[in-house]
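K.L.:
Chains as they are written, first to last, in my numbering: chain A, 1 to 382; chain B, 383 to 546.
Read the hints as simulated data drawn from the structure, not as lab findings.
All C-beta atoms in this analysis are idealised placements derived from N, C-alpha and C, irrespective of residue type, glycine included.
There may be inaccurate statements among the hints.
What the hints assert, rightly or not - Listed below are several chain A residues computed to face chain B (Cβ distance under 10 Å; list not exhaustive):
1. Arg-8
2. Ser-32
3. Ala-291
4. Asp-294
5. Arg-297
6. Phe-299
7. Val-346
8. Val-350
9. Ser-353
10. Thr-365
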Amino acid sequence: MGIQLSERVQAVPPSGIRKFFELAEERDDVISLGVGEPDFATPWRARTAAVDSLERGQTSYTANRGMRELREAIGEHVDAEYDLEYDPDEEILVTAGASEAVDLAFRAFVNPGDTVAVAEPAYVSYAPGVTFAGGEVLPVPTYERDEFRLTREALEASGAADAEVLVMCFPNNPTGATMELEHLAPVAEFAREHDLTVISDEIYAALQYEHEHTSIATLPGMASRTVVVNGFSKAYAMTGLRLGYVMGPAEAITGMNRIHQYGMLSAPTTAQHAALEALEHCDDAVDEMTAAYDRRRQFLLARFEELGIECFRAKGAFYAFPEVPTEQTGDEFAEDLLEAEGVAVVPGSVFGSGGEGHLRVSYATGMDELREATDRIERFLD
Amino acid sequence: MTASARDALLDSLLENARYSTADLARMTGLDESDVEAAIADLEEDGVVRGYRAVVDWESTDRERVRAVVEVNVELDRETGYGDVSRRLAGYDAVDTLRLVSGDYDFHVEVIGDSMRDVSAFIADEIAPIPAVTQTVTHYAMTTYKESGVDFGDGDDDDRLSVSP
Ligand SMILES: Cc1ncc(COP(=O)(O)O)c(C=O)c1O
Chain A
1 MGIQLSERVQ AVPPSGIRKF FELAEERDDV ISLGVGEPDF ATPWRARTAA VDSLERGQTS
61 YTANRGMREL REAIGEHVDA EYDLEYDPDE EILVTAGASE AVDLAFRAFV NPGDTVAVAE
121 PAYVSYAPGV TFAGGEVLPV PTYERDEFRL TREALEASGA ADAEVLVMCF PNNPTGATME
181 LEHLAPVAEF AREHDLTVIS DEIYAALQYE HEHTSIATLP GMASRTVVVN GFSKAYAMTG
241 LRLGYVMGPA EAITGMNRIH QYGMLSAPTT AQHAALEALE HCDDAVDEMT AAYDRRRQFL
301 LARFEELGIE CFRAKGAFYA FPEVPTEQTG DEFAEDLLEA EGVAVVPGSV FGSGGEGHLR
361 VSYATGMDEL REATDRIERF LD
Chain B
383 MTASARDALL DSLLENARYS TADLARMTGL DESDVEAAIA DLEEDGVVRG YRAVVDWEST
443 DRERVRAVVE VNVELDRETG YGDVSRRLAG YDAVDTLRLV SGDYDFHVEV IGDSMRDVSA
503 FIADEIAPIP AVTQTVTHYA MTTYKESGVD FGDGDDDDRL SVSP
């Protein structure tokens, strides 16, 4: 008999993104607005730091929790930027991407059969991650009428009061939605009332265009029940270097590290050196990239308006989440658009409940491509 | 116009001075008429001094020679850096002129159709200026990056076309 896959693995269907990836790969004239990663290369100084570290032969494991210097730099950075105070010795863990941090959190906090409330539309890895950890996903929809913010009403209506864990991500992939203090307060209140552990994925925190980031962990009583996930992939255009981090109460981080130390041992050493340099010397590069995203965001939103495509004003990450401008489903529209004009966008349904009827349109792509892609969409709609 | 809108406009022009007014308006959230007015102001205030293409001459059939010339000067009561700079800047062959700190005074970039052309220019026009005490000429052999534009072909987009 061959290998029998576990039920948990069998329970997870292939990603919906896969299908569009394969369709897009079939042609070579595609302009892709389906990309979930920066189009910039990692800032040069961070890249040279990686090379230097290799030249110096710094190729061994680091401490399980990550290089002490890097944890300190992370602690200082999040304190300065987001008012988050964490002790680098006990409350910060460096991971192989935010992805590993999210996975560790599920495995560390979820018992078999536990309910994990996931604010949807959501990043595609959360639901499978919950399943792999033996938990049950409870989708909590967010709505366009609320600019895709998570609300207390939706938490109540979906039965999240009985959940053990809440996963949220603002600025959001795929919607680009952001939440400010006034929107976070009722969610925090709900989490406290119902004793929820909160996993807050804030990997897009640096990419906000009309206001500054507020972390739910800074709200009263939240630091003790929240782990904050962040990383270098998006802000520093370091996706391929696979480096993230997670911060939270010492018990939570110690528990996550227990898994990490066996599963991963330590995050990639070369990437940690790049990340340290990024934190210490690449603020200007982040500012420049953010400014470029903002110009493209405004361009895209303006073009949608001209084309009569309904889209709320997303203020974060590098995604717009417009409504499907035809009578079709998002899947049909995305397929037809790709077929007819070679423009790839991702249907919102891929991201779970509430995503249907929408498209994720990434503006992590150059202005020339963005202009050409929107011209093609215009032609397609005519 | 807010300072940040003006900055966004400048950044966009630096990225590509050929963006249409309509695109600039979309990117900055301004009206087209405001964009036009703002650009006119930037030009009038001497903030934007000009627009030109960044050309990789090695990809053309045209012969172009660029030289970096270090120029040392000795000033006297009647002659200041400003006077020397005016004389140097007047020549069409002088593409870029800067007063710099360090071992020499003026950093001059000279462009010509041939090495002989450039040498003759330096020998006949720059060296004889009374204040000039020394010139050191470096011919550019290969240009890898100019005005922020990298001439290597390192910017292929090799990302997956659809990713999470
Ligand atoms: C919301 C969100 N979280 C996490 C990740 C994964 O980040 P990393 O590359 O750090 O694993 C992504 C990547 O698309 C994301 O969009």
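K.L.:
Please verify that hint: Ala-291/A, Cβ, nearest Cβ of chain B, below 10 Å or not.
P.N.:
6 Å, holds
K.L.:
Given a cut of 10 Å on the nearest C-beta pair, is the interface hint for Ser-353/A held or broken against chain B?
P.N.:
Where the cut-off is 10 Å and the nearest Cβ of chain B is about 17 Å from Ser-353/A, the hint is violated.
K.L.:
Should the hint that Thr-365/A touches chain B count as held when the rule is a Cβ pair under 10 Å?
P.N.:
8 Å, holds
K.L.:
Hint validation: Val-350/A versus chain B, beta carbon distance must be below 10 Å. Holds or violated?
P.N.:
9 Å, holds
K.L.:
How about Asp-294/A: closest beta carbon in chain B under 10 Å, or not?
P.N.:
7 Å, holds
K.L.:
Under 10 Å is the threshold here; is the Cβ of Arg-8/A close enough to any Cβ of chain B for the hint to stand?
P.N.:
With a minimum Cβ separation of about 20 Å from chain B (threshold 10 Å), the hint on Arg-8/A is violated.
K.L.:
Does the interface hint hold: is Val-346/A within less than 10 Å of chain B, judged Cβ to Cβ?
P.N.:
With Cβ-Cβ at 6 Å, under 10 Å, it holds.
K.L.:
Given Ser-32/A as an interface hint, is the shortest Cβ-Cβ distance to chain B below 10 Å?
P.N.:
OK, holds: Ser-32/A within 10 Å of chain B, min 4 Å.
K.L.:
Does Phe-299/A meet its interface restraint, that is, does its C-beta lie within less than 10 Å of any C-beta in chain B?
P.N.:
With Cβ-Cβ at 4 Å, under 10 Å, it holds.
K.L.:
At a threshold of 10 Å, is the proposed contact between Arg-297/A and chain B supported by beta-carbon distances?
P.N.:
9 Å, holds
Against the hints set out earlier in the document, violations occur for numbers 1, 9.
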